[in-house]
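Colleague: Residue numbers (this note's numbering), protein chains in the order written: chain A, 1 to 510; chain B, 1 to 510.
Just so you know, these hints were derived from the structure itself, not from any lab. There could be a bad hint or two in this list.
For each label pair, taking beta carbons as the anchor points, the in silico distance ranges come out as [claimed, not checked]:
# : chain 1 : residue 1 : chain 2 : residue 2 : range
1 : B       : Lys330    : A       : Lys230    : 54 to 64 Å
2 : A       : Gln9      : B       : Lys343    : 56 to 66 Å
3 : A       : Ser62     : B       : Glu71     : 51 to 61 Å
Where is the CB? At the ideal position from N, CA and C, for every residue including glycine.
Number of protein chains: 2
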Amino acid sequence: MRVISQAFQEISPADFFYRNREIAGFSNPSKAVFSAIRELVENSLDATEPFGILPDIYIRLSSTSNNEVEEGFYSLIVEDNGIGIPGEHIPHAFCQFLFSSKYRLRQSRGTFGLGGTMAILYGQVTTNKPVRVVSSTGDQKIYEFLLMIDIERNRPIILGKKTYNNDEQWHGTIVEISLEGDYPRAKPKIVDYLKQTAIANPYANIMFVDPRGRLYKFERTMSTLPPQPKETLPHPHGVDVETMHRMVRATQCKTLIDFLEKHFHRVGRQTARSFLEFAGFPEDMDPKALKPEEIVRLVQAMRSFNGFLPPDASCLSPLGEEILKAGIVKELEPEFVAVTQRKPSAYSGHPFIVEVGIAYGGKVPVRDDGDITLYRFANKIPLVYDESGDVSWKVIKSIEWRRYGVEPGMPLAVIVHICSTKVPWKTVGKEMIADRPEISHEILYGIREVARKLKLYLSRKEKAKHEKARLSVFAKYLPKIAEFSTKLAGEKNVPDIKGLLRRVRRLEGD
Amino acid sequence: MRVISQAFQEISPADFFYRNREIAGFSNPSKAVFSAIRELVENSLDATEPFGILPDIYIRLSSTSNNEVEEGFYSLIVEDNGIGIPGEHIPHAFCQFLFSSKYRLRQSRGTFGLGGTMAILYGQVTTNKPVRVVSSTGDQKIYEFLLMIDIERNRPIILGKKTYNNDEQWHGTIVEISLEGDYPRAKPKIVDYLKQTAIANPYANIMFVDPRGRLYKFERTMSTLPPQPKETLPHPHGVDVETMHRMVRATQCKTLIDFLEKHFHRVGRQTARSFLEFAGFPEDMDPKALKPEEIVRLVQAMRSFNGFLPPDASCLSPLGEEILKAGIVKELEPEFVAVTQRKPSAYSGHPFIVEVGIAYGGKVPVRDDGDITLYRFANKIPLVYDESGDVSWKVIKSIEWRRYGVEPGMPLAVIVHICSTKVPWKTVGKEMIADRPEISHEILYGIREVARKLKLYLSRKEKAKHEKARLSVFAKYLPKIAEFSTKLAGEKNVPDIKGLLRRVRRLEGD
């Protein structure tokens, strides 16, 4: 046997995402310009709302092409009034993959902490231009950086750095990148995305100036922010061996019972006690004395113990029925709308809430294929690509819509919002939510609930239509009947039938 | 303004994939056991076929649960006769993310080089048990390692190492992992996957022993291997600024014309010359003297220059019409089958070939929803999850099937195989192919081609049915007519009409 040698190679995370940028949503110039805007806008929202700041976001995309060869090149600026990033962290936060402030158990829009860096990388490999970042946390200094990514080493390259005095205590971040793109093709998706973002974030001011100078303005319609999502502890049902190892390594607790009570979500003294009894571990055992196989046993026991309370949803920040309804009414001006918020649920220890709306008539669009229009949101971000691979679409297709009086081709929209500390994304590009049975169950029941209300509305409408038709028959023949009867009775004056018709109408209206 | 501090953190690639294992196909115990088998089998195929070895792959999944708490735990062994991995590379190749032999421009099944490591990581975090790897390249030694992954540092931990003499010059790899799984739920997908793998790799022997001891045996039906895919150079249309920088840094060439001719796919002296003239660069310029902005200009000119030859497909290894047809016939035993191989095409400088088959009747299944059954393959691997998000499904749904005589609920299957040096995956889990216009175009034309053949078959069949009906009417009335005519003519003997009927049948059969 001839020995065949293969070349082995280690690549950096930046290099991995550079080689596989399709998986992060940068698959072609049209998708890339969409994804760049989306990632930067989501970073801006994550830097404002969760910290109690009403978001002001300004986006400008301008063409930098000045000849035919350079067609399709843009400059993108996104500016926000967020909490800013400390000067010393700016280069790494923007130009290093897998460096982020987002690795926490809290509901946020971005979760992988690589979207912004991916946009910068894409700009760099298509234009070779650096990113410009200006930021301040509201302290004495404003920092301005010119940065590139050393892709092979996954490190920032600092090309320039300036500081300014911040007398007005401005806080926020401005990011400016150059990139190849295809705005004409991306435009409908970008506008859809911003519109829907405005629906789900009605407390935000969003301004977008497009390459032709058109201004899209989405003004804040309310100035109260939703309750801030709290950081949470891991729930015992969602913990695996690796997490348990890390927790044991890091804890200061000296006994297992203290350890459980302190580091786990919704585990009190009493629950910890009955769990340890169930699992067969002494309460006063030192967590650091656990042997590897004991850790495995502890984790397995946690999964099968039924005495834990379900995760609570105080760490979540749903839209609420009021905001959801207002957003739908504002955007679709429907003839009928119903919304519902499902009770909090959990999958693998991660809490989530599903909110569902249904809208009929008015400006609700009718799809060419006759299907129902679906608007999907996850942690308040709209998902506008890859609908058919999403759990919500699967649920919609599984429903026997005729039972709810729905026929193909009706102007009908379903709105689904899922919020969670951990949205089960199928892709790094955050376009599709995976089909976890707990989640599809909640979506299904949510849709059924609003669909029943729609059915009631439609059948009332249908009935009213029938009655109207019946009455118009009445109204048509009653004068004739009255006339004949008058003649037959040898009377001269035809009785007034208006009162009669009114009475019939009232009776029917009951 | 209160300054809010955020905690920034760098995580390792191993930690990233640990936290986001859903994106790599390890979202729940059922999917995980499927993905673990799939990733290891694909590594085995990649270690055999491309190196001229007829694959022998043995898979065993056994339950390790011996009580109720431990339900759903398995041991998985995958053994192959591949080229093996040199001893010094084993720990890194298996237990370090982004370390691989697969970062090359060549058609291969695995492309991210992280599937096997992901399976090992999943096993580790669910069972805390090490992976056992035995491998030899066929030289004097066989190596056996017990390994775990240091997830926070992305490094292998060597728990044990042995070497054996390899007197029989055995080569291959054995991987054994422990993992949590749900075989009963995963079984249909696993069996489908292996069946379809056998269709696309008929030169492989694949044996699978499942936890209940059932043996699934897919025996090789041919012993000639397809031509080995060659490694290729980048095509000028697919090169970005970063790649160009790297090439310039690495080249030994002293002039631009040499540089272009040596390092690019299908660029000869003449093409290089006319391109440089088009782009406005001197032929004898030293590539290392290119300034950053000149590199950008060079790359842009490469995109817009129309004089490059399209990528050639010698680096691809399609199935071929014969193998494709044989596989379909073997598996579906259809009444009708047609296959086609499209001409090589390219997207962003990556060559690809689409092969399409259509099968009707026989054992072709009928779907509950009346839709067409779709079998998808990419680089000879079957894709069995997330059909609705795939480009092929999108194309199928866009076709007006009635034009081809196809009605909902027919036993009809479409088979699509895409091979490329770079399959545009949507996800790290390699389940869906992205909708690149060049690819969907080839799929559409391929399907139309075979659908036309099906239409011809179906209309012939329909016609034959009609004729049969017509003839049976003839056959029914002709004797009566003959009888009457005989009587009318005053004759006694009714003429023999069998010859007449036979002649009509012959005429109709033309």
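Colleague: Work down the list of hints and note, for each, if the structure agrees.
Modeller: Quick rundown of the hints versus the structure:
{"no.": "1", "hint": "B:Lys330 to A:Lys230: 54 to 64 Å", "result": "holds (58 Å)"}
{"no.": "2", "hint": "A:Gln9 to B:Lys343: 56 to 66 Å", "result": "violated (33 Å)"}
{"no.": "3", "hint": "A:Ser62 to B:Glu71: 51 to 61 Å", "result": "holds (60 Å)"}
Violated hints amount to a single one, hint 2; each of the other numbered hints is respected by the structure.
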